[in-house]
Amino acid sequence: MNEKDKPRIGVFVCHCGVNIGSIVNVPEVVECAKTLPNVSYAEENLYTCSSEGLSKIKEAIKKHQLNRIVVASCTPRTHEPLFRSACEEAGLNKYLFHMANIREQCSWVHAKEPRKATEKAKETVRMAVAKAALLEPQAEPEIDVQGSAVVIGGGVSGMTAALSLANQQFKVYLIEKEKELGGKLKELYKLYPNDKPSSEILDEYVQSVCSNPNIKVYTSSTVKQIEGFIGNFEASINHEGREQKLNAGTIIVATGADVFKPRGMYCYGENKNVITQLELERLMKENKLGEPKSVVMIQCVGAREEREGGRNYCSRICCAVAVKNALQIKELFPGAEVSILYRDMQTYGKEFEEQYQKARGNFVQFIRYDFENPPEVCTRPDGGLSVKVHDILVNATLELDADLVVLSTPLVQWEDAKELSKLLKVPLGAEGFFLEAHVKLRPVDFATDGIFVCGAAHSPKTIAESIAQAYAAASRAGIPMALGRVRTEAITAFVDEDLCTSCGTCVKLCPYNAIRKDDEGIARVNDVLCKGCGVCAASCPEKAINMRHFSDAQVLAEATAALGGS
Amino acid sequence: MKVSEFEPKIIGFLCNWCSYAGADLAGVSRLQYPSNIRVVRVMCSGRIDPVIPLEVFVKGADGVIILGCHPGDCHYSEGNLYEERKIKMLKKLLALTGVGSDRLELEWVSASEGQRFAQMVTEFTDQIKKLGPSPVSGKNPDLKVLENLQAAKNAASDFRLRVLVGRERELTEKNNVYEEKIPQEEFDAVLDSAVEAEFIRHKIHLLTRDRPLPVKALAEATELKPAEVLKQIVAMRRRNMITMDHVEGTTPFFKALEVG
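Protein sequences appear in the order of chains A and B. To convert, count from 1 in the first sequence and add 368; that's the numbering used here. To convert, count from 1 in the second sequence and add 27; that's the numbering used here.
No wet-lab data here; the hints were simulated from the structure. In this text, all values refer to a predicted model and were calculated from it rather than measured experimentally. Hints may contain errors.
Unchecked claim - Here are the simulated DSS-like cross-link-like pairs (lysine-lysine), alpha carbons at most 27 angstroms apart as the crow flies:
hint, chain 1, residue 1, chain 2, residue 2
1, A, Lys-374, B, Lys-86
2, A, Lys-876, B, Lys-115
3, A, Lys-653, A, Lys-718
4, B, Lys-282, B, Lys-252
5, A, Lys-480, B, Lys-156
6, B, Lys-156, A, Lys-911
7, B, Lys-201, A, Lys-911
8, B, Lys-86, A, Lys-484
9, A, Lys-876, B, Lys-208
10, A, Lys-876, B, Lys-201
11, A, Lys-793, B, Lys-208
12, B, Lys-208, A, Lys-885
If we strip away everything but chain B, and leave its shape as in the complex, we get (with noise of 0.2 angstroms):
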């Protein structure tokens, strides 16, 4: 498909108190800017469960922003700034499911930026239509990307990663009650980790819902080497996750257990 034939599909979250104010102002300031964005007013960016955006990429959209009030004037204090922890850990998912991180951005506009609404509902358009279609969208999606989404949006869905990302700002910015802080860089490498494994123990999980695997066929369908696979199953059987269905031979067949 051509660039200039592409007219992809954007979902834009806005919270209520400045990014639709300023979508609201490029309107009363006659701004033209692209039709592809379809706004959802929300009250703060910060109400933005990651699990939102990965729904809206499994259904089809092209691209997702989030708008939210500049650093500082937040009417909710900071809930723009828990936002910004959010969407961090969301990017590292979305680059591991093959939808890549450009397709999301968290940007801010104030109530009085009607100028930089439009300005910025253009660029994303653009960085969208120049990305191209979604591998989800569309009439025949990727199967597997669309997997990928669905492992990224249950490891978003569960407790490891939404701690971490819950308490980031108080780890890293506040001292706990021994008088330390954890350093950002230590904190976004235990980030880093806990996103890769998490995404690679869900999609475990969901490769074997429906029938036993082994290791070996799990690594192929994971591009990943056996061993890694099987030190995730370990994990994964303390956390049960999965368990041990049957040995044909001498080979172990896994199967995912009901989480929660």
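The following block holds chain A by itself, in its conformation from the complex (with noise of 0.2 angstroms):
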């Protein structure tokens, strides 16, 4: 190695205002650093995030000509990008700078211990500092990214996120699996909270999206394959019996969400008077209610479930619809009563706490009942129902009858979703919904680049939501189309093409497809499709392949500088 080439690494411990230096010994941290074998430099800062203790790191890359630089602060999940780029302004690789977590993993959980946290923070700057020794510069492979996008589902979500897109002139194909577009609002009645038909709404959605010439819509049609990565993915359809292959740069989940389906609860399925709130809406659609004098709507049927492996979540929207509904019962018929059985009442949106009160002034009965106590419903030998419920706030027993029973069910995903899901090569998380990457900072985006999801596929959520969701997934999906390139992950594998001998076990477990056997046989990865998590690497048989900034070498370095190593 030549001199140039040595590492000379430069140390910041911050204090953190209080939350470093109060318990550790900050002043002993960076003494301790400075004896460390190709350490350079070191220094204490009050603040290192700040403009100032930033500007000092990159006088220090100047003045002690530094080639590496550890910060030992807070997590790197939230300020390696900062110290990443003050590296970058001067001059230094970003992957040549490593961070040591000494607050929310030392200073923070052994406050009542600060000899103990001196020497934890002293031993992680050793291992930080013992791999960064080791960093090697990499580089972020960039990418040409096509202006077009898939937009899986043409429900209201698809829909707005299939305008916003062709809006912003980028070509858009949407893929819709029945025969007509519109999704779950096809179904609905009137729409929350300012009574709208919802076919008004529809209408002019589907007609803004049929006549918009960037948009081409496929009906009919569902993803058989998914090919390729962001910037350059290739969707195979089946189009009314017929394969067809689009191209896009980006691509968007839009499949929204099924109801779902009681049976065997509540005699849903046994009598023909107890019905779900979306088959409610049809019938009131259809004006086939008939004229009901007693309507029982029961709440939370199948969801908040309690139990292992239930569906545990509160599906959000059913307390609003069923407050909707019932004042459009109201309205048809004003002489009828209509009871909410309900465990607790949510109308959290905008609007719809006015609703409920709304309800309450229209004498809709409100009933609270225990989740370990839930009502019961009969059939009377005369075949009307009756429905039986303990209200916890009175203390007692009433019998209601009710010649329809409407029950509360929450949105579940689509049985097919879970193919979607390995094609796509995205989560689906613990309830069955796609999971996005972060449910903050990246609430759109999947983890797998390129790829977004808006509307009902990702939770239950009102119209006005996923609509809002969409245009944030149409904005995000923008971006890259827009700039026409992106830079991808650095971190990603490789393989020693002498070590491969070819035995195909990383071609099976590599979660993204990335790696494929060339014409000899040799594992070859592709950097683009590449996430990085090392699977292939921690189980190829005869170790060829290795991973860039995770390399065997740079964990274990870190590891057992821990234990005195070096």
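Please assemble the complex out of the two chains, which come individually in their own frames, going by the hints.
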């Protein structure tokens, strides 16, 4: 190794005001850092992340010819990008930076043991320095992004996303599995909270989508295969029995959700007058409701189950839907009695609470029941329905006559979503809905670049929320397409072709199909597809695969530095 | 050493997306836990090659804990499930070395489970404190255990165990071209015997690296019956791991060959 490449590490230890400095003896950590191999410079900062702290890093890189930087402060999950860009500004490749977490994983969790916290901080810096010495500059490959998108799902979310992208002048392929666009919106009666018939909104949407020259609609179509990666996806769809290939730079998942069918619960399926809220909407829409005198609605049917493997989530929209439909029934049949049996009412949205108050004012009865003691529905000998419920607010058991029982059931993921999640290599969460990359920082992105999610496919939501999220997804998808280029992950696997024996284990293990054998049988990693998990490297029978930025040597150096090794 | 005086050295490998975030959350929530753990962040728990914990034990760690996302939450889809298979194999190997399988754990901690992270670390630290120092940590490591660890490391680096573990899920969970699936118990039996055989072979290989040894001496060193040692030597000769060096009287002496 020539003199220029020899590691010259600069260590910056942050007080973070009193967050670290009041527990950990920062000057002692700095003195310790100065004694570590390859460390050329060490200093302490009140706040390393302040503009002053960042300029000090940049100055020290120039003044002391530093070629590796370690910052001992908070978690890399929030601050690594900031320090990396400071390194870049000083002409240092950002992968020559490493962080030691001495706040979240040290001072804050060992606040009562300052001596031990200081020792841990010293060792954590020692570990970071050991890894830093082995860091290498990495390049993030840049690829072209096509200005076209595939939107899967032609409901209100998908149509909104498609329109938004089309209006940004991107080509959109809108895939809908049913014969017509519209999704669940087609089946709804009047919408919350302004009582507009759903058809008014739907017709406007469908017309704008179908007349937009940038949108190509494929109804009666399903996705069969997805190949490629951000910038260059190739989707194979089955369109009316024929296969069609579509090229796209990005993909938006807007497949919506199904409504849970509560078979066997509360006489559903046995008595035709026990229906779901969605079925009620259909009946009202088609004017087939008859003239009910007494309607009982039951909330949380098959939701918030509080059991292992159950639908334990709150579907959120059902309270508002029940209130809305109660009011619609009252408007259609002012004499009808409407009762809503609930566990907790959550009318959380804009103008929702007002609707709830309005329902109370309109003599809709709200009766609270307990999870342990749910209502019972039975068919009376005369064919009518009777609902027995224990009202926990007045501590009395009531018997209500009903000629219609309406069950509020949760939105659930479609059966075929599992298949789509596998095709796209994006995850489903514990409740079966599509799982975003980060609930706050990346709420409409998937962890896989170039694929986005919106609407009820992601979690139960109202139409307004679905539309807002669809705009968000379209704007996120628009960024790489507008730029036309994108930088991809530098943390990728690479194969030592002299060691590879073509066993193919890695090909099977890779969750992203990023590894293929070439004509000679040697495993080849596609840098754009590889996400850098390292499963292949950790399993390669010949140890022929290693990881950039997390090589065996780097991981081991960091770990064993804590054990007095170096 | 009294339990209260012993401060174990524990290395934690945490995946970036769930467990490391869970550890950060424990910090943000100011949950207090023992300070023995030293954390190494990796992108996925599935990154941890079995050789890595073994090397960490060689260097004197008293315990190693690997934390990943809960099944179904893995950022890379199923890296954690692949790690589960690797750790199952590694625990079997560790049991043979004298270090013991309880010094290594794999657990799941999500990004929202700060409390669980603190609890896992506390429990694991207690577990290691109860076990006492690792036989190879400290100033006077048990050389026999150290050699066993080396043999385990070589076995974990070798093709046979790696390919078995790398293919385990494929073999036991998916149908092969003949529409057959290997029952888990059957696979486990194969893996068990492979782990034992590979450990012994690599131990024999280490013992005969510097000087040729006869079967009797190897049987004593490995505490195995001579017939068993001979059986392994036959297999090792087929794999070019060992050769007959010379014969003294009627006793053949064997010497390790360079592997790889």
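Structure-based check of all given hints:
In summary, the hint linking Lys-374 (chain A) to Lys-86 (chain B) is supported, as the alpha carbons are separated by about 26 angstroms, within the 27 angstroms threshold. Taking the CA atoms of Lys-876 (chain A) and Lys-115 (chain B), the gap is near 20 angstroms; set against the 27 angstroms cutoff, the hint holds. A distance of roughly 25 angstroms separates the Cα atoms of Lys-653 (chain A) and Lys-718 (chain A); the hinted pair therefore holds under the 27 angstroms criterion. For the proposed pair Lys-282 (chain B) and Lys-252 (chain B), the alpha carbon gap of about 19 angstroms is at most 27 angstroms, so the pair holds.
With a CA separation close to 20 angstroms, the supplied pair Lys-480 (chain A) and Lys-156 (chain B) stays within the 27 angstroms bound. Between the alpha carbons of Lys-156 (chain B) and Lys-911 (chain A) the distance comes to roughly 34 angstroms, so the proposed pair goes past 27 angstroms and is violated. Between Lys-201 (chain B) and Lys-911 (chain A) the alpha-carbon distance is near 25 angstroms, which keeps this suggested pair within the 27 angstroms criterion. A threshold of 27 angstroms between alpha carbons decides the hint, and for Lys-86 (chain B) with Lys-484 (chain A) the separation of about 22 angstroms falls inside it, so the pair holds.
Under the criterion of a C-alpha separation no larger than 27 angstroms, the hint pairing Lys-876 (chain A) with Lys-208 (chain B) is consistent with the structure, at around 16 angstroms. Pair hint Lys-876 (chain A) plus Lys-201 (chain B) holds up; C-alpha atoms about 12 angstroms apart against a cutoff of 27 angstroms. About 24 angstroms separates the Cα atoms of Lys-793 (chain A) and Lys-208 (chain B), which keeps this hinted pair within 27 angstroms; it holds. The hinted pair formed by Lys-208 (chain B) and Lys-885 (chain A) meets the criterion: a straight-line CA distance of about 25 angstroms does not exceed 27 angstroms.
In terms of the numbered hints stated before, the structure departs from hint 6 and from no other.
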